[in-house]
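J.: Given next are the chains, with one letter for each unit.
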Amino acid sequence: MNALTTKDAVEAAMPALDGYAVVCANGFISRWACSVRDRPSHFYMIGSMGLASSIGLGIAIAQPDQPVAVLDGDGNVLMNLGTLPMIAVSKPKRFFHLVIDNGVYASTGNQPTISPEVPLDEIAAAAGYARVARVRDRASLDARVAEFAGAEGPSLLLVETAPESGPSAPRIPFTPQEMTARMRAALGGTA
Amino acid sequence: MSDSGDATFKGADFASALEGVGFDFFTGVPCSLIGSVLVALADRGYVAETREDAAMGLAAGAFMAGRRPVVLMQNSGLGVSLNAIGSLQQIYELPCLLVITWRGFGGKDAPEHLVMGRVMPNLLDAYEIEWRALGKRPLEDDARWARDRFDANQKPVALVVPPGVLG
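Just so you know, the sequences run in chain order G and Y. Residues in the first sequence are numbered from 0 upward in steps of one, following numbering that gives the first Met the number 0. Residues in the second sequence are numbered from 0 upward in steps of one, following numbering that gives the first Met the number 0.
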């Protein structure tokens, strides 16, 4: 069984996220997401590491009926660990938190994170997420994506992946202001 | 440094002034200097965050979802928020009103507040955040100024709360 990659996780998730506001963590997660499937309702972060989940929660609190997905990473979640109890306590019903856990800070040269020793899915479950699962193969990943994207949340799906070894994802072609404007328009927020 | 009966304005009136000019999403982390404001915001959907930079994230999402967000914090939390302000709010043009208490004001406070109390005006200027201190004008004037800067600049703007102004 070949280990999953960030790109695999993104490819598996994207078809289920039509109609979602999708907030993508900085680094390769945003780059792969943009490269695999771009929509105006995607927000790609290029800085403020850790805050993708907080931005997604802000959207979900402001528009409770809007489905929100956050494509996050282990380094990002560890940097803003308070986000897990915050999301659990806020109870956004259509909130799908996909954590791509490769155990490294990929953008800065694959230095290890502490995630191999810290089960982030169990922390989310203890915090009070409505549903939590961990997958490490494509069949389980596809099944859980289909299940979680249609169910009441908040949900956290942790995908164990291996650090990327193939060609790198292209950089995000949009300016930050363009990304704000199109997400705001997609959410009906533009005056 | 706690709320007192002889404050210049009532915290509830400040909350009403913010709401009156169109601010409609409130989050943050508490400070005693704005305790009365937080009481007034409790039934206006105030979201109690765990860290100030996470509150900046919430505000960013809320703005894209059509709201005018306010993040309330102690100035210690401004230090926590600087990376979010610099690499999220400022570059993505995600406006937000920061209501920041001025602990360490005039050098009279507990030791942990003195450095931030001293450098905060320069820090706000360095981060290109337009700001005003509350207490010199009617609350409605400052609220309207903040809303106008928010709408015009699409960047963070700050109202700073010195001790004794809101009770």
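Take these hints with a grain of salt, some might be off.
[Said to hold, decoys possible] Calculated from the model, a selection of chain G residues having no Cβ within reach of chain Y, i.e. all distances over 10 Å:
(1) Asp17
(2) Ala150
(3) Arg183
[Stated by the list, open to error] Covered stretches of chain Y (chain G as the covering partner; in silico rule of three or more C-beta atoms under 8 Å from a C-beta of chain G):
(4) 46 to 60
(5) 80 to 94
(6) 133 to 143
The hints are simulated quantities; they were obtained by calculation from the structure and are not laboratory data. Small disclaimer: the values here were computed from a predicted structure and weren't measured. For every residue, glycine included, the Cβ atom is placed at its ideal position computed from N, Cα and C.
J.: None of the hints should be skipped; say for each whether it holds.
T.: Status of each hint after checking the structure:
1. Asp17: holds (18 Å)
2. Ala150: holds (22 Å)
3. Arg183: At roughly 5 Å from the nearest Cβ of chain Y, G:Arg183 sits no farther out than 10 Å, so the non-interface label is violated.
4. 46 to 60: Held - the stretch 46 to 60 of chain Y has 13 residues with a Cβ nearer than 8 Å to chain G, which meets the minimum of three.
5. 80 to 94: holds (count 9)
6. 133 to 143: With 0 residues closer than 8 Å to chain G, the stretch 133 to 143 of chain Y misses the three-residue bar; violated.
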